[in-house]
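There are 2 protein chains.
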Amino acid sequence: MKVGKKYYRTIWEDENNPGTIQIIDQRWLPHKFIIENLTTVDGIVDSIREMHVRGAPLIGITAAYGVYLSKKEKKRNGLGINFIFESADKLKSTRPTAKNLFWAIDEILSSINNNDNIDNIIQILQTKTQDMADKDVADCRTIGEHGFKIINDISNSKSPEQVNILTHCNAGWLATVDYGTALAPIYVAHEKGIKLHVWVDETRPRNQGAKLTAWELAEQGIPHTVIVDNAGGHIMQKGMVDLVIVGSDRTAPNGDVANKIGTYLKALSAYDNNIPFYVALPSSTIDWEIETGEDIPIEERNPDEVIFVDGLYNNEVVSILVPPEQSPALNYAFDVTPANLVTGLITERGICKATKECIAELFPDKIKK
Amino acid sequence: MKVGKKYYRTIWEDENNPGTIQIIDQRWLPHKFIIENLTTVDGIVDSIREMHVRGAPLIGITAAYGVYLSKKEKKRNGLGINFIFESADKLKSTRPTAKNLFWAIDEILSSINNNDNIDNIIQILQTKTQDMADKDVADCRTIGEHGFKIINDISNSKSPEQVNILTHCNAGWLATVDYGTALAPIYVAHEKGIKLHVWVDETRPRNQGAKLTAWELAEQGIPHTVIVDNAGGHIMQKGMVDLVIVGSDRTAPNGDVANKIGTYLKALSAYDNNIPFYVALPSSTIDWEIETGEDIPIEERNPDEVIFVDGLYNNEVVSILVPPEQSPALNYAFDVTPANLVTGLITERGICKATKECIAELFPDKIKK
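As you go down the protein sequences, you meet chains G and E in turn. Under this note's numbering, the first residue of the first sequence is numbered 485, with each subsequent residue one higher. Under this note's numbering, the first residue of the second sequence is numbered 485, with each subsequent residue one higher.
In case anyone wonders, no lab produced these hints; they're calculated from the structure. Treat the hints with caution; some may be incorrect.
Since the list gives no way to pick out one identical chain from another, each pair is judged satisfied if it fits inside one copy or across any two copies.
Below, in silico cross-link-like pairs of lysine to aspartate or glutamate (DMTMM-like), each with a Cα-Cα straight-line distance of 25 angstroms or less [what the hints assert, rightly or not]:
1) Lys486 / Glu591
2) Lys722 / Glu775
3) Lys722 / Asp788
4) Lys576 / Glu591
5) Lys722 / Glu703
6) Lys633 / Glu520
With the hints as constraints, model all of the structure from the sequences given.
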């Protein structure tokens, strides 16, 4: 998408320096736009763990670039054959919940034969990462087209009034390579001239809604309003929300959805107020090995993310302490929304109900027998 | 309650300077403990509107002190008879949702006869404010005793394991003159040796949970953990919460409860997970003139409270900007939890179901025929 007047993806290989992967370091947004260069596996590992990049699809693609860099690094430093497998394990250990991480690493490893010539392997990996990134963009665009229909139907039913959509966290282009998942339908609808307005949950503790989603929408000129996570229930009760769309970090084949902590509370409230609640996701997010959301590991992150808040002060990004110094905190990063609260899943293959049967119908080639 | 080793209320008249009302300026907690002196109605008005004091019961008592000060000011400056009524109107206009504000002002105005000698009136008002403050303390203590039974029953059923209680916002002693409402049962249970632990919702946008509830509990030595508002659903799903207790800013006679924004989401989640959800309130919070929660006006506050976050940086309390500067925000201060999600109301007269019939049974003298 555009940042100012220039077009960006969230991750790319520097065309003048092959082997240098460039990312938008999202920790500084919206206050500073910083491009970071990554040339080693450890750099990629840090960028995922410390959330320079985040969002399940982008985590996956970044990890794929990590595998590619591991081969470059192996060659550069004359490392042993195990380096690529150790690197893959290290990349897999960065974050536990996002399914795309494991999917992308396995996908890229399966594309190579380690007995092949290393230059050939590097060439294959370079092409494969590029293809995976391109496919992510195409899938997100397709998710956008499918999801657009839902927004369009609502718009038709209440035109000339605007469609009010609530989203939680950031499942925008910054969470993918481009377009986004939950925000893709919004971008398509906006392109097609639908009158809409987005309620942006700030999304504590890391405020990806207030920082990233609000920034994305502002850059694309889409009307939006930041609200605290607590406010969603009240505005749903008041009829101020027509539709909820969120992303997913891991989806069970029965339709249970792991997503940013707090998603479940919004789903409960949407259900209580008869508001459609959709989850947009590329199928790489679906974990075909599990049965229900109960099987999804939920990441517990550093409590400092709860205790300290980052923001702009005197033109510098600083971190401030909110509770008393002696008070402990707990920081689960995700929760699981049970399928019965989900109206439907918007995937690159189309929209389906959040049930085992409907998911199996859309993905007969993936479902575990 | 105790702050360090010294006992405090949240508001009192300086015994060495009659006519000087002293409050804990809660905007600086937990980082700084600052006592503010108030000697004029305008000072009281500001202290309520700008939330130096907050919490429905404390707002009420502070406004009562405001009426008392208006008479002192009238005498000091030789002002006309209207000054006291204008002051009452000004005090009533500070915040729209907390019922106790209107109740306390009407209650104290009804105690005086304006044809009486002004020194007599001042004397009467001084005694009356003191009595109202003392009654608030006694009522809160009684609420604590009633609520204790609920905690004790849970403790008996799961002993020797601790009872895990979730609370939203601050309905502790800082929200009242002393003891608190939602926290009063916790203080009583702690005194009586019940093993308990409190989940403290940070309570955006003003973080009264992270700042005030955590500080109160830390000062009293009660085990607690700060969580983001988004986390409550997940920990309820995981069986980590035995009981929810919150306060109320205004309660309808049918059992609908207006409380800090986000309360409704926690009630939904408690209901979905079969966790008892209690609301602790002095009956001065009940609005006998309305029928349901739909009739409760919901305060909309300055969006800057969403956009800027206060906390400690380099030993100073500073305010940082979180979202992009150009993104608008919306800031509703309260929401309404429908009675069907409320397990019971803990009042100074005892515990009742959140139904019209049970409330009427407990308050036959108050209910509008």
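Structure-based check of each hint:
In this assembly of identical chains, Lys486 and Glu591 lie within 25 angstroms of each other by CA distance neither inside one copy nor across copies; the values are 29 angstroms within and 60 angstroms between. Taking the shortest alpha-carbon separations for Lys722 and Glu775, only the inter-copy value of 18 angstroms comes in at or below 25 angstroms, while the best intra-copy value is 36 angstroms. When the C-alpha separation of Lys722 and Asp788 is checked against a cutoff of 25 angstroms, the pair qualifies only between copies, where the shortest distance is 22 angstroms, while the shortest distance within a copy is 35 angstroms. Taking CA atoms no more than 25 angstroms apart as the test, Lys576 paired with Glu591 passes inside one copy only; the shortest distance there is 13 angstroms, against 65 angstroms between copies.
Taking the shortest alpha-carbon separations for Lys722 and Glu703, neither the intra-copy value of 29 angstroms nor the inter-copy value of 39 angstroms comes in at or below 25 angstroms. In this assembly of identical chains, Lys633 and Glu520 lie within 25 angstroms of each other by CA distance neither inside one copy nor across copies; the values are 37 angstroms within and 58 angstroms between.
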